[in-house]
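Once you've looked at the hints, dock chain B against the given chain A.
Read top to bottom, the protein sequences are chains A and B.
For the first sequence, this note's numbering assigns the number 357 to the initial residue and increments by one for each residue that follows.
For the second sequence, this note's numbering assigns the number 119 to the initial residue and increments by one for each residue that follows.
Simulated from the structure, these hints should not be mistaken for lab results.
Here are the computed distance ranges between Cβ atoms for each label pair: (1) B:A128 <-> A:L452: 26 to 32 Å; (2) B:R206 <-> A:L477: 46 to 52 Å; (3) A:A390 <-> B:R240: 39 to 45 Å; (4) A:R363 <-> B:K173: 34 to 40 Å; (5) A:T405 <-> B:R206: 33 to 39 Å; (6) A:T405 <-> B:Q183: 34 to 40 Å.
Non-contacting residues of chain A with respect to chain B, defined by C-beta distances greater than 12 Å in every case (computed): (7) I361; (8) R385; (9) A387; (10) Q391; (11) R394; (12) V455; (13) Q473; (14) E474; (15) R475.
Computed footprint of chain A on chain B, listed as stretches where at least three residues anywhere in the stretch have a Cβ under 8 Å from a Cβ of chain A: (16) 132–142; (17) 148–154; (18) 157–170; (19) 220–231.
Built from N, CA and C at the ideal position, the CB exists for glycine as well.
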Amino acid sequence: MEVPILRQGQFLIASIQSALTDADLSHLREALIAQVGRSRCRGVIVDVTALDVMDSFAVRTLRDIAHMARLRGAETVIVGIQPDVAFAMVQLGLTLKGVATVLDLEEGLAFLHGRTQERTLEVKPKKPSGRG
Amino acid sequence: MGEELRLPIAADVDVVEARQQGRALAAVAGFSSGEQTVIAAAISEIARNILMYAKKGEIILSLVQNGDRQGVAVVAIDQGPGIPDIDRALQYGYSTSHGVGAGLPGAKRLMDEFEVDSVVGRGTTITMKKWRRTI
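Chain B with its partners taken away, still in its complex shape:
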């Protein structure tokens, strides 16, 4: 616990690597295979966003704990152009890159916690977490 996995994102193979590592970590945390796929899909979306908008960045994966709840945290960091209008970027179907507009809002829907910290001209940090259901 407390260990971090830092994965550089600079090419589309890195997106695949990041989501596979995320799936493996989710398996360690005890997530069901369905939830592992959900976490992998969310990582895929935000890692692709790094490539598309910032060209390069980093994904940091770690296990987190809150009381007796276990989860996975995914932090995506880039020094790209930043997001001028975060509310809009989180709207389904909105895209400035001819994409589907499902990237950020999609990832947000998949995860339990989702936080965007972005400064135009400086970069973007997205922190998202998924907690294991304990029922």
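Excised from the complex, chain A in its bound form:
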């Protein structure tokens, strides 16, 4: 089951549609990281609403996606972790430490807009002050 990756402005949205095998997850990681470069995007949203279970492999792959995307200059946010899935993750002792998670797609887009604006401000050159 291939995960469709859509482009929305300067962001990529990977919308998981069903349960994924380990191979599907690894493939998603490769595809996203390649596409971050190809489309020069600044942010990645992975929508996991349809994921039935988040086990150790899924959590590790999502963490890898976030860290690899960051190395390629894009921020990642995971959206749509269901209550039952969160419940099982906590019991499994799995955390997505260092990875942004928000409630849903709308929040994810808002989060990335905020993040990328912040970054644009950071790199703006300082205006020379005074006349010397």
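Relative to chain A, chain B alone:
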């Protein structure tokens, strides 16, 4: 009751199938959807362990009863290399396969009963059970 569901594990699609069947059985047993997900996650971890270490094996799912308590039993059987140090394999963060080291200890945390029977060179059988809370 007493019926078994035997699921071969030889590819990663089988892991997904096993955890989905486990979830369905947990629903039949009357577990909440949160607990169904917990059982599915535990099955996912041990089924993946079969693939990773033994390449192939089997997951057997069944409903169990103890007095008036209902539950789900999951047995994972393989004829793989076996686990040389079970105590260590049950430690969180220990892995011999570059994994997270959350597989076995994770599954153990998720279930109420967890038993590992392993002989090096012969294989591993993991039996785990989850009981429905009756309050």
